[in-house]
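Peer 1: Generate coordinates for the entire structure from the input sequences, incorporating the hints supplied.
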Amino acid sequence: MSTPNPVHSSTNLFRRLSWQTSISISIRIADGEPGAGIGADRYFIQTPRYTYLPLLIPEIRESLVELALDDKQIEETDEKDWWFEEEEDEDEAPGGFARQGACRWHWPIDLISIHSYISRPRPLPLPSSSSSTEPKQLKLLLHLSKPPIDRLLMPNNIETCKTQWLNQIKEADFVRWRNTNKVTGLRKTELDNGWDGIVQDDYDAYLRMASRVLPLPIAPAVGSNMTSPNPSRPPSTDPSGSTAKAESAYSTRAIPIKIYLPDNAPVIQEVIPPIGTDGKPTTLLSILRQHLHLLFPSRSPDPYSLAFPVAQGILIPEQSEVAWLAACMCGADGWLRIGICLRAQ
Amino acid sequence: MSIPTPDLLSPAIRPPSAETMMANSIVTQPTALEALEHYKKKDASKVVVRFKAIGSAPIMKNNVFKATAGHKFQAVILFLRQQLGMKKEEALFTYINAAFAPAPDDTVGNLYKCFGTEGHLIVNYR
Numbered sequence: 001m002s003t004p005n006p007v008h009s010s011t012n013l014f015r016r017l018s019w020q021t022s023i024s025i026s027i028r029i030a031d032g033e034p035g036a037g038i039g040a041d042r043y044f045i046q047t048p049r050y051t052y053l054p055l056l057i058p059e060i061r062e063s064l065v066e067l068a069l070d071d072k073q074i075e076e077t078d079e080k081d082w083w084f085e086e087e088e089d090e091d092e093a094p095g096g097f098a099r100q101g102a103c104r105w106h107w108p109i110d111l112i113s114i115h116s117y118i119s120r121p122r123p124l125p126l127p128s129s130s131s132s133t134e135p136k137q138l139k140l141l142l143h144l145s146k147p148p149i150d151r152l153l154m155p156n157n158i159e160t161c162k163t164q165w166l167n168q169i170k171e172a173d174f175v176r177w178r179n180t181n182k183v184t185g186l187r188k189t190e191l192d193n194g195w196d197g198i199v200q201d202d203y204d205a206y207l208r209m210a211s212r213v214l215p216l217p218i219a220p221a222v223g224s225n226m227t228s229p230n231p232s233r234p235p236s237t238d239p240s241g242s243t244a245k246a247e248s249a250y251s252t253r254a255i256p257i258k259i260y261l262p263d264n265a266p267v268i269q270e271v272i273p274p275i276g277t278d279g280k281p282t283t284l285l286s287i288l289r290q291h292l293h294l295l296f297p298s299r300s301p302d303p304y305s306l307a308f309p310v311a312q313g314i315l316i317p318e319q320s321e322v323a324w325l326a327a328c329m330c331g332a333d334g335w336l337r338i339g340i341c342l343r344a345q
Numbered sequence: 001m002s003i004p005t006p007d008l009l010s011p012a013i014r015p016p017s018a019e020t021m022m023a024n025s026i027v028t029q030p031t032a033l034e035a036l037e038h039y040k041k042k043d044a045s046k047v048v049v050r051f052k053a054i055g056s057a058p059i060m061k062n063n064v065f066k067a068t069a070g071h072k073f074q075a076v077i078l079f080l081r082q083q084l085g086m087k088k089e090e091a092l093f094t095y096i097n098a099a100f101a102p103a104p105d106d107t108v109g110n111l112y113k114c115f116g117t118e119g120h121l122i123v124n125y126r
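Going line by line, the protein sequences match chains A and B. Here full-length UniProt numbering is used: the first sequence runs in plain steps of one and ends on residue 345. Here full-length UniProt numbering is used: the second sequence runs in plain steps of one and ends on residue 126.
None of these hints come from the bench; they were simulated from the model. Predicted, not measured: the structure shown is a model, and the values here were computed from it. Some clues are possibly wrong.
Said to hold, decoys possible - Some chain B residues judged to face chain A by a derived CB distance under 7 angstroms, without partners named:
(1) Ala35
(2) His38
(3) Tyr39
(4) Lys40
(5) Gln74
(6) Ala98
(7) Ala99
(8) Phe100
(9) Ala103
(10) Asn110
(11) Cys114
The beta carbon of each residue, even a glycine, is placed where N, CA and C say it ideally should be.
Peer 2: The following block contains the structure:
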């Protein structure tokens with residue numbers, strides 16, 4: 001009887017946890033729109049982090065818009081003109097940064113939530129405290145007309161959403177290997193499994209695609225200097241049943257990672273190798289110190305004295321290896337997204 | 001976007017590193033807010049973009065241009081549409097290294113940093 005490979009098991013555990021983590025969203029019809037201001041103009045939804053706003057529109061239509069609007073208004077409204085915007089939270093004290101405004105269609109809910117979270121300085125979330133990193137709801141306004149095209153950049157239909165997702169998968173693949181062979185080598189059914197998994201909240205379907213594309217945090221192939229306490233086993237003992245050859249996350253050319261700062265600062269995307277020049281796995285702190293030196297100064301005894309990184313809704317420990325994070329906690333489009341929150345003293 | 005580049009391609013000039021700038025201007029450690037202000041600055045340096053037609057797409061007489069690193073890729077798409085004289089309803093597909101279409105809000109600078117080859121960013125179109 002073969003014992004499950006511990007690396008495969010823990011990878012699967014964290015991937016599943018990331019998949020299952022959800023965001024609480026409240027949606028209110030914006031003032032001035034038909035249906036606004038009446039009793040039924042607000043809807044609450046719990047969504048996975050990996051999904052997209054266009055995929056939520058059918059439920060929002062059925063459970064909010066069709067209840068708040070009368071028949072004539074429903075006839076006159078067109079979903080392609082709908083758009084969402086983050087609402088100012090009146091319960092929160094003033095002192096936040098610029099809000100994200102209109103929510104982009106190709107951003108996973110995780111990214112919309114990151115921007116909401118980092119939009120104000122916060123105290124360091126402690127593992128022992130009862131409140132999680134994100135105690136608050138994401139509050140969105142639904143507009144039914146005049147979408148700001150220059151901000152939204154694309155229509156909100158599902159085909160466009162799927163295309164954007166697939167392009168992100170390919171871009172991440174290109175970052176890892178300098179080609180998109182793993183993605184273009186997928187059979188159509190495998191690709192469809194990935195998207196269907198996202199649409200239907202089916203982790204196993206999604207994994208059938210993802211396991212062919214995502215590397216594992218296993219030791220690189222024999223011949224490298226990397227030693228690992230968890231020597232990799234042949235794929236046939238992989239409990240997930242995948243027969244594809246498992247690639248090592250430490251053999252990639254670079255890690256698909258994007259880092260987001262508050263106040264509409266530019267996104268940080270750099271070539272980040274999984275192993276540093278010292279032969280050791282690249283840690284999150286090392287890249288924060290390299291690329292955001294002013295927020296993560298080298299000489300500070302407390303690495304998170306000025307700011308701290310969050311991903312998938314939790315604080316990330318500074319010694320986490322980015323290759324591991326990207327293999328185990330990336331979004332359903334293959335990207336590891338890190339939000340940088342300024343620390344409130 | 002500016003006038004076409006001369007024959008001798010020059011690599012995109014990178015702005016001075018954060019460390020150099022801070023060392024020159026401030027002795028004590030800056031606060032987080034000051035740091036954020038620094039990181040908010042848009043990258044004004046130029047990236048060389050080389051457009052390459054795919055399939056039966058029209059080939060441009062001059063296909064090398066400079067784009068501002070801090071601009072979103074959407075600006076490149078709009079510029080290309082203008083150069084090709086495309087109508088609003090006509091579709092244009094763009095790819096990096098003939099491999100993937102970037103998100104329209106990815107910055108030119110980031111795309112160049114991560115996917116640039118031989119001093120320029122290859123943008124394929126059809």
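Peer 1: With 7 angstroms as the cut and Cβ atoms as the points, is B:Ala99 at the interface with chain A?
Peer 2: Hint on B:Ala99: holds, closest Cβ of chain A at ~5 angstroms, below 7 angstroms.
Peer 1: May I ask you to test the interface hint for B:Asn110 with respect to chain A, counting a Cβ-Cβ separation under 7 angstroms as satisfied?
Peer 2: holds, 4 angstroms
Peer 1: Does the interface hint hold: is B:Ala103 within less than 7 angstroms of chain A, judged Cβ to Cβ?
Peer 2: holds, 6 angstroms
Peer 1: Double-check B:Tyr39 for me: the hint is only fine if its C-beta lies closer than 7 angstroms to a C-beta in chain A.
Peer 2: Holds: closest Cβ of chain A sits about 5 angstroms from B:Tyr39, inside 7 angstroms.
Peer 1: Do the numbers back the hint for B:Lys40, that is, is its least Cβ distance to chain A under 7 angstroms?
Peer 2: holds, 4 angstroms
Peer 1: Hint check: is the beta carbon of B:Phe100 less than 7 angstroms from a beta carbon of chain A?
Peer 2: holds, 4 angstroms
Peer 1: Given B:Gln74 as an interface hint, is the shortest Cβ-Cβ distance to chain A below 7 angstroms?
Peer 2: With a minimum Cβ separation of about 6 angstroms from chain A (threshold 7 angstroms), the hint on B:Gln74 holds.
Peer 1: Can you verify the interface hint for B:His38: is its Cβ closer than 7 angstroms to any Cβ in chain A?
Peer 2: This interface hint holds because 6 angstroms falls under the 7 angstroms limit.
Peer 1: Identify whether the interface hint at B:Cys114 stands, where standing means a beta carbon of chain A within less than 7 angstroms of its own.
Peer 2: Constraint on B:Cys114 satisfied, holds at 6 angstroms.
Peer 1: Under 7 angstroms is the threshold here; is the Cβ of B:Ala98 close enough to any Cβ of chain A for the hint to stand?
Peer 2: violated, 10 angstroms
Peer 1: Hint validation: B:Ala35 versus chain A, beta carbon distance must be below 7 angstroms. Holds or violated?
Peer 2: holds, 3 angstroms
When each numbered hint is compared with the structure, a violation occurs for hint 6 only.
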